[in-house]
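Asker: Numbering of the sequence shown is given in this note's numbering, commencing with residue 1031 and proceeding in unit increments.
Just so you know, the hints here were simulated from the structure itself, not pulled from any lab data.
Just so it is clear, the structure is predicted and the values come from calculations on it, not from any experiment.
For every residue, glycine included, the Cβ atom is placed at its ideal position computed from N, Cα and C.
One or more of the hints may lead you astray.
Unchecked claim - Simulated DEER-style distance windows between Cβ atoms:
1) G1059 <-> E1254: 19 to 25 Å
2) S1090 <-> L1614: 38 to 44 Å
3) V1056 <-> S1497: 51 to 57 Å
4) L1726 <-> G1059: 49 to 55 Å
5) G1413 <-> L1744: 31 to 37 Å
6) E1515 <-> A1610: 26 to 32 Å
7) V1056 <-> G1498: 55 to 61 Å
8) D1325 <-> E1360: 51 to 57 Å
9) Q1552 <-> M1031: 38 to 44 Å
10) M1031 <-> R1137: 56 to 62 Å
11) H1531 <-> L1575: 50 to 56 Å
12) A1522 <-> A1555: 15 to 21 Å
13) A1138 <-> T1113: 22 to 28 Å
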Amino acid sequence: MAAFLYRLGRAMFRRRGIVVLLWAVVLGGLGLGAATLSGPVSSSFSIPGTESQQALDLLSTRTGANADSATARVVFVVTEGNTVTSPAAHEAIETAVKNLSALPNVRAVADPFTAQGVSSDQRTAFATVTYKVKASDLESADRDGLFNAGRSAQIAEMTVEFGGDAVNAASEQSATEGIGLIVAALVLLVTFAALVAAGLPLLTAIISVGAGMLGIQIASGFFELSSNTSSLALMLGLAVGIDYALFIVSRYRHELIAGHTPEEAAGRAAGTAGSAVVFAGLTVIIALAALVVVDIPFLAQMGLAAAATVLGAVVIALTLLPALLAFTGERVLGRNGRAARAAAMSGAPALVTPMRLPFGERWARGVLKHRVLAMFAVIITLGAVAVPALDMRLGLPSDATASATTTQHKAYDALADGFGAGFNGPLVIVADLADAKNRPVAAQTIGGDLSKVLNVAFVTPAVFNRSGDTAVFTVIPKSGPTSVETEDLVHAIRADSAGWHSSAGAQVYVTGTTAVGIDVSQKLADALLPYLAVVVGLAFVLLLLVFRSLLIPLKAVSGFLLSVIAAFGAVVAVFQNGFAADILGVDTTGPIISFLPILLVGILFGLAMDYEVFLVTRMREEHVHGASPDESIALGFRHGARVVTAAALIMVGVFAGFITANDPVIKSIGFALAIGVFADAFPVRMTLVPALLSLLGKSAYWMPKWLDRIVPDLDVEGSRLAKTLHTAPAASGPDQDIEEPEKMPVEASR
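Working from the sequences, and respecting the hints, build out all of it.
Answerer: Below, the structure written as C-alpha cells:
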C-alpha cells in the first residue's frame, strides 16, 4: 500500500494543474446537482417492526388516512385576569382559525371552541392543524403561512405559540462549525509556525465538507433523510479533514527538511503518512457504515452519509493535497525549517546547541516512572465520570427537549400548564376489531378497562372507521411524555392487550408520538450491545493486522471502552441530570437522545484507533530496531505526541463548537464527541497506554508463531517502501518531529 501511495503522491504533484481542474469540475458538478436535485429532510423517527409502527400502518390501511401527516398546534395564551372566551380574544382566535383553514396543504383545523380545546381556567386554547402531507414535504412557505395565520390572533392580552412536527421540521441551524475552524487555525499555527502550512489543512477540510454537504443535498432528492444527517457529516468531515491533512503536511515538511526535492517529499509523505490516513479513515468509515447492521433506517442513513464524507476527506488528502503542496514550494516551512533544509542540501551540518527533551518524551518518561499510579489514576478518574451512565434514560427529540427560547418549548409549557402534564403526550390506542363477535361491546370494554389503568387521567370515547372494524381511543396520562411513569403506562396497556384479545376478540396496539419514542429508544438500546460487539471485534482484528500482536489490540479496545463509558457518564450528568447545565447553555434537561449512544460508539471507535495507530506504531518500530520496551515508548512519544496532541485538540475544538448550537440534539452530540475524544486522546492514549505497555514489557508485542505466519503484512509502517527507496525505515503516520529548533542539524530533525 505504501508503494502505491508513494507513486500516487508523486503523480498528483506532477500533474497539479490537471488535478486541481478536475476537482473544480467535480465540485461544480456537485453544486449543480445540489441546486437542481435536492429535496426536503425529515424530522420524524420511526422503526419498522415496532408495535407503534404496526398501529400506524393499520390505521393507514383501515382508514385510508396518512398517519404520517404533519400536524401543528397553535396555542393561544392570555395574560392573567383575562380569558380566551372574552369577545376580543374569541374573535381573534376565530379569525386565526379561518386564516389557518385557508392555507395550502392544510386538510383540517380543529376549532378550540368546538373541539374541547379550551383549558378549565379559560386562559389557554389550542387549534390543531392537520396537513395533507408529511412534515418533511412542507416548505418554508408553508411554515411562514402557519406562523402568519396563527399570529393574526395576537393582541395585547394574548400571545401565540406553535408546536408539533410541522414546526420542528423548520429547526434552525447555527454556524457552530466556525468555532471549530477558529480553534483548528490556532492549533495549526502553533504547530507549524507557518501560515501556508496551517492554511492547507483548513482549505482541504472545507473542500471535503463542502463536497459532503452537496452530496447529501443531492441524496435528499432521492431518499428521505434525517434533518440531523448533515450536521453529523459536517462534524466528522471537518474534524477528520483537518487531521488527515495535518498528518500528511507534517510528513511533507519533514521530508523537505531532510533535503528531498518537493516532488520526492510529496511521494514519501503520501507513502508513509498517507498509509496511516488510509487506515485511520477506513476505521471511521467501517464503524459508521456498520450502523446499517443495526437495522434502523434513519440511523443507517446518518452513518452512511457521514461515512461518505469521511471517504471524501481521505481521497482529497491523497489527491488534491499533494497537488496543492506543489504550488506552495518551501512556504510550508517556517524560518527554522528553511534554514535546516538549506543546510541539508549544502551538506554543511551545524553544531547542535543543547536543548531539553520534547514535552512528549518528558511526559512519557514521567508516566513510565510512575506507571502503576498513572494507570490507576486514569481508570479511577474515568470510572468516576462514567457512574451517571448507570441511570441513563433514552428518548427522542420533542417540543419538551427544544431550547427554552423556542416557540415549540413555550407551546409545550403552555399546554402542560393549561391541560396537565400528560396532555403533551397522548397515547393513541388502536383496537383491531375484525375478529370481535360484538364490536361495539368490545370497544366499550376496552375503553372502560383503559380508564382504570394506573396513571390514566382521561380516555376519549372510541372513534370507529367506516367499516367498524377499527376503533381508536386517546389516552391522556397524568404524567409528562418523557417521564418514567408514562413509559410504565405504555408497558402496562400492552401487557393487558392479551386479555382483551381473549375476552373481546380484539388486538390492541399502543401508538402516538410518545409510544413511538419509547419503541425507538428501546430498539436502539437493544441494538447497542450487539453493535458494540461488532465494533470491538472489528477493532481487535484491524489492530491485530496492524501491530501483529494480541495484547496491544486487547489493550487498545479496553481503553476505547473506558473512553466510551466516560463519555456516556458525562452526557448523562449534564443533559439528563443538569450538572453544569447553565455553564454549557443547556436550558432543558431530560432523556438522552436515543441514537446518541450508538453514534458515539461508532464515531469514537474510529477516532480512538487513529491515535492508537499514530502513537503505538512508532513505538513498535523503535522496539524492532533494538530499543528496550520503555525506551521505545519514550522515543515513540518524542516523535508522535505533538502532532497527535494537535490532532486531538482540533477534534475537540471542532466538536465543542457544536455545543453552542441551538438544537439540543446537535449540542448533546457535539458535547459527547468532545468529551469522548479528549478522554481517549489524553488520559487513555497519552497516559494509560504507555503505563500498560511498560508493565507488559516485551510481551506486549507477542503473537503465536502459527498466527504470525497467516496474518498478512499490510505494511502500514511503510517499511517495504523504505527498503525500495534505500532509506531507513520510516515512521508510521506523519513524522511528528516538527519543532525545528534553531541550529539543529539535519540528523537531529529526522
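Asker: If a hint holds in the structure, say so; if it does not, say that too.
Answerer: Hints versus structure:
A beta carbon spacing of about 24 Å between G1059 and E1254 agrees with the range 19 to 25 Å that was offered as a hint. The given range of 38 to 44 Å is respected by S1090 and L1614, whose C-beta atoms sit roughly 41 Å from each other. The hint said 51 to 57 Å for the Cβ distance between V1056 and S1497, and at roughly 56 Å that hint holds. L1726 and G1059 have their C-beta atoms about 52 Å apart, which keeps the hinted 49 to 55 Å range intact.
In this structure, G1413 and L1744 meet the distance hint of 31 to 37 Å, their C-beta atoms being roughly 34 Å apart. In this structure the supplied range 26 to 32 Å holds for E1515 paired with A1610, their Cβ-Cβ distance being about 27 Å. For V1056 paired with G1498, a C-beta distance near 59 Å keeps the hint of 55 to 61 Å intact. Between D1325 and E1360 the beta carbons are some 53 Å apart, a value that agrees with the proposed interval 51 to 57 Å.
Between Q1552 and M1031 the beta carbon distance is about 43 Å. The supplied range of 38 to 44 Å therefore holds. Between M1031 and R1137 the beta carbon distance is about 58 Å. The supplied range of 56 to 62 Å therefore holds. For H1531 and L1575, the hinted distance range of 50 to 56 Å is satisfied, since their beta carbons lie about 54 Å from each other. Our hint of 15 to 21 Å for A1522 and A1555 holds, since their Cβ atoms are close to 19 Å apart.
The given range of 22 to 28 Å is respected by A1138 and T1113, whose C-beta atoms sit roughly 26 Å from each other.
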